[in-house]
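Q: Sequence:
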Amino acid sequence: MAGAIGGTLLCVSGVEASPILAVGALNDLNFNVSQNLVDNDGNGVASPGDYLYGIVNVTRISSNGVALWDAKNVPGPAIDSFSGYYIGTVATITPLPSPWAAIFTMAPASFDPNGVLSAADLAAHTMVKLFTDTMTPFETNGSVADDIAKATDGTLWGALGLDDGDWNGVVMQNGQVFAGGGLNFVSNFTGLNFATHQAPGCTTCPNVDLYFNTVATDNGLNQAWRYSGNNNGALRTVPEPSVAWLVVAGFLALGVTRFWNRGSNFINRC
Numbered sequence: 450m451a452g453a454i455g456g457t458l459l460c461v462s463g464v465e466a467s468p469i470l471a472v473g474a475l476n477d478l479n480f481n482v483s484q485n486l487v488d489n490d491g492n493g494v495a496s497p498g499d500y501l502y503g504i505v506n507v508t509r510i511s512s513n514g515v516a517l518w519d520a521k522n523v524p525g526p527a528i529d530s531f532s533g534y535y536i537g538t539v540a541t542i543t544p545l546p547s548p549w550a551a552i553f554t555m556a557p558a559s560f561d562p563n564g565v566l567s568a569a570d571l572a573a574h575t576m577v578k579l580f581t582d583t584m585t586p587f588e589t590n591g592s593v594a595d596d597i598a599k600a601t602d603g604t605l606w607g608a609l610g611l612d613d614g615d616w617n618g619v620v621m622q623n624g625q626v627f628a629g630g631g632l633n634f635v636s637n638f639t640g641l642n643f644a645t646h647q648a649p650g651c652t653t654c655p656n657v658d659l660y661f662n663t664v665a666t667d668n669g670l671n672q673a674w675r676y677s678g679n680n681n682g683a684l685r686t687v688p689e690p691s692v693a694w695l696v697v698a699g700f701l702a703l704g705v706t707r708f709w710n711r712g713s714n715f716i717n718r719c
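Quick note on numbering: the sequence shown equals residues 450 to 719 in this note's numbering.
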């Protein structure tokens, strides 16, 4: 499979789940989200200062069209979950004529009503935390608190924030929300290095570690999760040193060692 995608496969080791990424290649992530809007000012509509929070479930990772990893969220011994939590605050919102409703931009939140992000996380402008888990499957069929707990009870894989990135979108009159943007690692526990890259077809977008596009549908006021949708994103990993370079480096190191040994013997003889 590695030959087919032109990169090296890497399974991030550990006790928890191990999402497989192609090293030295673009990795496409398919994921779904469930999210809610916190109406801080109580005016009944999205306004600057309102919070948008949700849970994310990565379902597949692929590279060059070849599937590398699929989530297993069926209860049992083979759970392999890659999920997380995010929160941001509405920075700006501008009304638009029909069929649109408004365009909006997001900013880091200063408070997390669900307590997933610590004060230190918020101070670092963290917006997303991702976890790997082999014990608890991702679910959206319980209460909001229970669903968040199951999405965040694994081992921290990484945290991403909005600094030097962007997050914006458009709300339609029918309740659909189209959004996209780019985030950068605040903390990285993946064992990998990532190269910044630009969203395809967007010459004005910043170079970021992760770019994403989301489409969410309004489920109605009586649902535990007001909005849900299927989405995609991408991460580009930095190539590992080639085998040829490692061999050359090994010979160079051996040569330096022998040189110093000979020099030491010469000094001793003198």
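Derived from the structure by calculation, the hints contain no laboratory data.
Small disclaimer: the values here were computed from a predicted structure and weren't measured.
Mixed in with the good hints there might be a few duds.
Stated by the list, open to error - Computed list of lysine to aspartate or glutamate pairs in EDC-like fashion (alpha-carbon distance at most 20 Å, straight line): (1) 521 / 570; (2) 521 / 602; (3) 521 / 615; (4) 521 / 477.
Said to hold, decoys possible - Here are the in silico distance ranges between beta carbons for each label pair: (5) 491 / 647: 37 to 43 Å; (6) 490 / 669: 30 to 36 Å; (7) 549 / 524: 18 to 24 Å.
The C-beta atom is built at its ideal place from N, Cα and C for all residues, glycine as well.
Q: Indicate, hint by hint, whether the structure satisfies it.
A: For each hint, the structure was consulted:
Under the criterion of a C-alpha separation no larger than 20 Å, the hint pairing residue 521 with residue 570 is inconsistent with the structure, at around 29 Å. Simply put, residue 521 and residue 602 have alpha-carbon atoms about 16 Å apart, close enough for the 20 Å limit, and the pair holds. Proposed proximity of residue 521 and residue 615 is contradicted: the alpha carbons are some 31 Å apart, above 20 Å. Straight-line distance between C-alpha atoms of residue 521 and residue 477 comes to about 18 Å, which keeps the hinted pair within the 20 Å bound.
Remark: the range hint 37 to 43 Å for residue 491 to residue 647 is upheld by a beta-carbon distance near 39 Å. The hinted range of 30 to 36 Å is not satisfied by residue 490 and residue 669, whose Cβ atoms lie roughly 22 Å apart. The hint said 18 to 24 Å for the Cβ distance between residue 549 and residue 524, and at roughly 41 Å that hint is violated.
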